[in-house]
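Engineer: Sequence:
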Amino acid sequence: MAYTGLELFMESLKQLIHGSHNPFTKNPSVLSERPQIQLLYQELGSLIQTLFIHEHHHHLLELQKFTTLKRRFKDVAEEAQDIIDLFLSSLHSRKIRNLKEFEGFLTFHSANQTSTWNLVNGIRDSNSFEFHSIPRTKRPLSLFPRFDVFKPSLDLEKVLKSIDSIKAELTTIDNMKTDSSSRIDDIKTRSVVGTSYTTSSLGKKEPWEEIVVGIDHDVEIIRDKLTEDTKLVGIVSIVGMGGLGKTTLATKVFNDPFVVYHFHVRAWVTVSQTYERRDMLIQILTSIGVDQNLEKSSDYKLREKLHKNLMGKRYLIVIDDIWSIEAWDDMKLFFPHDNTGSRILLTSRVNEVALHAKPHGFVHSLPYLKDEQSWELLRKKVFHGDECPRWVIESGMQIAKKCQGLPLSVVVMAGVLAKEATSQDLWERIASGVGSSILSDEKGCLETLALSYHHLPCHLRECFLYLGGFPEDFRIHVKSLIWLWVAEGFIEGLTEEGGNQSLEDAAKAYLMDLVDRNLVIVGEREFNGDVKACKLHDLVRELCLKKAKEERFFLRIDKLPLSSRPLEALVTTYRQRRVFSDQDITVVEFAHPPTPPNIRSLLCFHKDSHSIDEIPDFSTSFALLRVLDIQKYKVGYTRPGIALPVHLRYLAIWCSRFPPSICNLWSLQTLVLKTSSDRTELPANISDLVNLRHLWSNKELFISTIRKPMNLKSISNVVLGLGVDSLHKCFPCIKKLEYTLVPTDKETHFDLLPYLTTFKLRVDYIRKKMNLWFPNSESNFRQNHIWFPSTLKKLTLVWCDLPWRDMSIIQSLPNLEVLKLKYNAFTGAYWDAREQQFPQLKFLRLEELDIKLWDVYGTSFPCLKRLAVVNCLALEEIPLDIGDIATLELIETRGMSNYSIVESVKRIQKEQHDEGNTDLKITVNGLELSIYLSGKLSSYNSASVTDTDTNTERV
Numbered sequence: 001m002a003y004t005g006l007e008l009f010m011e012s013l014k015q016l017i018h019g020s021h022n023p024f025t026k027n028p029s030v031l032s033e034r035p036q037i038q039l040l041y042q043e044l045g046s047l048i049q050t051l052f053i054h055e056h057h058h059h060l061l062e063l064q065k066f067t068t069l070k071r072r073f074k075d076v077a078e079e080a081q082d083i084i085d086l087f088l089s090s091l092h093s094r095k096i097r098n099l100k101e102f103e104g105f106l107t108f109h110s111a112n113q114t115s116t117w118n119l120v121n122g123i124r125d126s127n128s129f130e131f132h133s134i135p136r137t138k139r140p141l142s143l144f145p146r147f148d149v150f151k152p153s154l155d156l157e158k159v160l161k162s163i164d165s166i167k168a169e170l171t172t173i174d175n176m177k178t179d180s181s182s183r184i185d186d187i188k189t190r191s192v193v194g195t196s197y198t199t200s201s202l203g204k205k206e207p208w209e210e211i212v213v214g215i216d217h218d219v220e221i222i223r224d225k226l227t228e229d230t231k232l233v234g235i236v237s238i239v240g241m242g243g244l245g246k247t248t249l250a251t252k253v254f255n256d257p258f259v260v261y262h263f264h265v266r267a268w269v270t271v272s273q274t275y276e277r278r279d280m281l282i283q284i285l286t287s288i289g290v291d292q293n294l295e296k297s298s299d300y301k302l303r304e305k306l307h308k309n310l311m312g313k314r315y316l317i318v319i320d321d322i323w324s325i326e327a328w329d330d331m332k333l334f335f336p337h338d339n340t341g342s343r344i345l346l347t348s349r350v351n352e353v354a355l356h357a358k359p360h361g362f363v364h365s366l367p368y369l370k371d372e373q374s375w376e377l378l379r380k381k382v383f384h385g386d387e388c389p390r391w392v393i394e395s396g397m398q399i400a401k402k403c404q405g406l407p408l409s410v411v412v413m414a415g416v417l418a419k420e421a422t423s424q425d426l427w428e429r430i431a432s433g434v435g436s437s438i439l440s441d442e443k444g445c446l447e448t449l450a451l452s453y454h455h456l457p458c459h460l461r462e463c464f465l466y467l468g469g470f471p472e473d474f475r476i477h478v479k480s481l482i483w484l485w486v487a488e489g490f491i492e493g494l495t496e497e498g499g500n501q502s503l504e505d506a507a508k509a510y511l512m513d514l515v516d517r518n519l520v521i522v523g524e525r526e527f528n529g530d531v532k533a534c535k536l537h538d539l540v541r542e543l544c545l546k547k548a549k550e551e552r553f554f555l556r557i558d559k560l561p562l563s564s565r566p567l568e569a570l571v572t573t574y575r576q577r578r579v580f581s582d583q584d585i586t587v588v589e590f591a592h593p594p595t596p597p598n599i600r601s602l603l604c605f606h607k608d609s610h611s612i613d614e615i616p617d618f619s620t621s622f623a624l625l626r627v628l629d630i631q632k633y634k635v636g637y638t639r640p641g642i643a644l645p646v647h648l649r650y651l652a653i654w655c656s657r658f659p660p661s662i663c664n665l666w667s668l669q670t671l672v673l674k675t676s677s678d679r680t681e682l683p684a685n686i687s688d689l690v691n692l693r694h695l696w697s698n699k700e701l702f703i704s705t706i707r708k709p710m711n712l713k714s715i716s717n718v719v720l721g722l723g724v725d726s727l728h729k730c731f732p733c734i735k736k737l738e739y740t741l742v743p744t745d746k747e748t749h750f751d752l753l754p755y756l757t758t759f760k761l762r763v764d765y766i767r768k769k770m771n772l773w774f775p776n777s778e779s780n781f782r783q784n785h786i787w788f789p790s791t792l793k794k795l796t797l798v799w800c801d802l803p804w805r806d807m808s809i810i811q812s813l814p815n816l817e818v819l820k821l822k823y824n825a826f827t828g829a830y831w832d833a834r835e836q837q838f839p840q841l842k843f844l845r846l847e848e849l850d851i852k853l854w855d856v857y858g859t860s861f862p863c864l865k866r867l868a869v870v871n872c873l874a875l876e877e878i879p880l881d882i883g884d885i886a887t888l889e890l891i892e893t894r895g896m897s898n899y900s901i902v903e904s905v906k907r908i909q910k911e912q913h914d915e916g917n918t919d920l921k922i923t924v925n926g927l928e929l930s931i932y933l934s935g936k937l938s939s940y941n942s943a944s945v946t947d948t949d950t951n952t953e954r955v
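Counting with full-length UniProt numbering, you get residues 1 to 955 for the letters of the sequence shown.
Treat each hint with caution, since some may be false.
[Claimed, not checked] No farther apart than 35 Å at their CA atoms in a straight line, the calculated lysine-lysine pairs in the DSBU-like style are these:
| id | residue 1 | residue 2 |
| --- | --- | --- |
| 1 | K820 | K708 |
| 2 | K358 | K301 |
| 3 | K532 | K559 |
| 4 | K547 | K65 |
| 5 | K547 | K479 |
| 6 | K358 | K607 |
[As the list claims (entries may be wrong)] Pair ranges (Cβ atoms, derived):
| id | residue 1 | residue 2 | range |
| --- | --- | --- | --- |
| 7 | D371 | P457 | 33 to 43 Å |
| 8 | D855 | D371 | 28 to 38 Å |
| 9 | I325 | L160 | 34 to 44 Å |
| 10 | H913 | R525 | 23 to 33 Å |
None of these hints come from the bench; they were simulated from the model.
None of the values given here were measured: they were computed from a predicted structure.
Even glycine gets a Cβ: it sits at the ideal position worked out from N, Cα and C.
Please construct the entire structure, taking both the sequences and the accompanying hints into account.
Structural biologist: Structure, rendered in structure tokens:
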């Protein structure tokens with residue numbers, strides 16, 4: 001449990017003591033136990049203040065004890081949370097016994113009569129049915145959870161004794177008298193174990209000692225930036241993840257003959273994680289050859305010597321591996337600014353540091369090696385210039401490819417291979433198991449990467465480790481990841497009230513921090529630059545797995561052990577609170593005793609989806625669940641017991657119909673429904689889920705009636721029935737909405753949704769085509785004005801059949817950045833946009849429209865960056881004035897059968913090139929225009945109009 005988790009637990013306790021939002025607050029059992037809960041709250045709070053808030057520096061021995069106490073405290077806090085949550089689960093289970101969906105009936109057979117009993121209330125029911133005719137897995141007897149497994153009262157005595165023990169040991173540590181300065185020195189020594197600040201010998205190695213490949217172009221770029229003709233002190237930065245070769249590149253530039261000739265003075269300093277000003281000054285002075293009496297000099301004298309030796313000279317200072325903005329802000333004061341053309345070259349794993357050092361300077365992101373470059377580096381490192389045997393090539397290239405472009409991985413593998421006798425069998429075996437071979441060098445590759453992990457702030461560590469639970473090479477959707485992080489309790493409790501950012505926005509900031517630290521790779525971006533999908537480099541994932549195992553953070557199941565109850569055995573043995581599985585883990589069997597009820601998360605990622613008869617009742621093993629993702633299992637029958645995990649916050653499930661008992665999960669924040677049906681009807685009491693923020697389905701969600709407004713932030717594919725008054729009364733807080741307009745729906749005042757930023761409006765095309773629209777309903781929709789809120793940033797219209805004159809409604813939206821018009825969203829042959837202006841629009845997509853002519857001025861879209869025209873087969877040309885938009889970066893055309901379209905974009909590109917604008921990119925059917933014209937022009941008519949370029953759908 002990290003500090004954020006402790007905060008959330010403390011907030012839960014506070015709600016039980018004082019709050020009104022928790023449904024258990026007024027429960028008589030809770031009221032009777034309130035003094036005990038309050039005592040726990042006070043005791044935990046005092047230790048949190050000591051261990052986390054007002055943490056002091058200690059001697060190395062004290063630090064070890066302090067760390068041990070922290071670990072013990074976290075264990076005790078987790079145990080206390082389990083006890084509290086199991087107690088609440090017992091109250092919840094007693095409550096739902098009386099709910100209608102938990103009634104089950106059992107038929108008793110005798111010679112004379114058949115009787116049916118309500119198993120909950122023990123009442124005879126006249127509507128009997130034949131129990132033995134029901135399949136075994138669906139018999140009503142199995143509906144009933146074992147209510148006796150939950151404890152009806154709190155027993156916190158053991159927890160409170162443990163807390164007292166920790167407090168006593170803390171008192172012993174605090175009584176140790178130690179000089180404060182030496183304490184600080186000790187803790188710093190501890191924090192940089194394995195790191196020294198001796199004078200760097202970089203730049204003095206013989207060329208043959210450094211075998212590098214694939215950075216010649218990078219060397220040229222950095223060298224040119226360092227030696228360009230500007231007098232002011234210039235800052236050039238190299239950023240990239242650990243092991244990517246930043247220091248190697250900087251060394252090559254540092255030793256480049258032209259750089260050596262150009263600068264009068266060159267110095268190298270390595271910062272690493274813990275910045276020490278005095279040590280930096282000594283390093284720089286030693287590097288430039290000043291080494292007299294440095295250790296005895298004061299800090300002031302050291303700064304004076306450095307300034308004297310740099311003043312009036314063109315100097316190059318390489319600051320390698322700088323981690324913090326604070327370190328740079330202090331160091332930059334050392335260097336004189338005397339217009340001599342001096343340069344400072346930074347290397348860092350943190351983009352934020354580089355951008356802060358020079359907001360408008362040059363930042364070079366170091367790329368990964370290509371497969372052929374990785375093989376070249378591996379071959380050179382292993383054979384040192386000797387010829388490699390031919391039989392090595394195939395397996396060697398496989399090994400190099402699996403290193404995924406990370407030079408550090410290649411070097412580690414080369415070290416493994418060079419130490420072993422060269423044999424074909426060895427190389428083939430390593431090629432098939434390269435992952436474990438990389439891991440074998442813990443003091444090399446992973447220790448280097450581990451520096452990034454140990455430097456992470458506490459609030460990011462759990463978020464980072466969590467990524468390691470996903471399968472190898474898994475494309476992680478950021479939207480789902482953020483929902484999971486929030487449900488797990490990793491995100492600090494910020495809310496929209498009082499101007500603070502939402503939990504989702506805070507989670508996005510966490511992710512971007514990890515991206516900036518080069519620990520997470522961006523797989524795909526939204527048009528506005530937000531990350532849409534991400535992934536981990538395999539080596540970074542191995543680091544996550546290693547650290548997660550050390551800290552008992554999660555259990556990953558890649559293969560099943562030889563056991564009749566595999567998951568139960570693993571979880572019982574390791575007492576893991578989170579389980580990620582790539583295997584079919586027989587979830588039905590696992591959900592029964594004697595598995596301990598300590599599982600908080602279960603996520604299944606096995607590749608093959610298949611059906612199971614039923615969802616288990618979750619009576620004991622899953623009583624504490626917060627996260628459950630079993631959408632790989634197609635459920636034929638849903639037990640009412642799914643309502644028992646009252647602490648569940650995230651549920652992803654695949655079922656044929658909506659399980660009514662889900663509406664009893666009052667803690668639920670995110671619900672993802674996967675179904676094979678065309679429509680899922682939601683019950684009227686769906687609004688009982690007062691904490692539900694996100695409701696998403698792969699098919700249509702139909703709400704025929706609803707009891708009260710919902711607190712949803714996002715919902716997909718929703719259709720409202722006659723029993724629902726209006727959207728704004730149903731979803732007053734909605735931010736992201738996908739809404740389908742049906743024949744009976746006259747809702748057009750979408751401006752009453754004050755928080756809506758992303759909106760997809762779709763007219764029910766199928767019903768319209770089948771003449772199911774009521775008389776005049778379509779004409780009413782078209783004749784009435786549609787009102788959109790001014791908060792909209794993204795708008796998608798589908799099958800609306802609006803006249804182009806109604807574009808004035810959209811034009812008036814002041815914050816609109818993305819507009820997608822699809823499948824006759826607007827109809828008519830002519831769109832005159834010359835007098836219209838879309839002030840903030842950055843992306844425009846026209847798809848499957850019947851438009852023929854389009855007139856526009858460059859001033860109509862002053863901020864447009866991307867235009868996509870897809871399968872508008874009647875369109876004669878893209879207006880030439882589009883090319884005059886200064887911000888335009890890309891024009892995409894796809895599925896065009898009219899030759900004049902290609903000619904029009906060709907003219908746009910030529911005109912822009914003539915005016916010196918060579919940055920505008922144009923593609924036709926996924927090919928750059930020049931490539932398309934050189935070899936594909938004759939076949940553009942046959943291009944598949946259904947082909948989808950992933951880049952065009954990133955918004």
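Engineer: Quick check: which numbered hints come out false for this structure?
Structural biologist: 6 and 8
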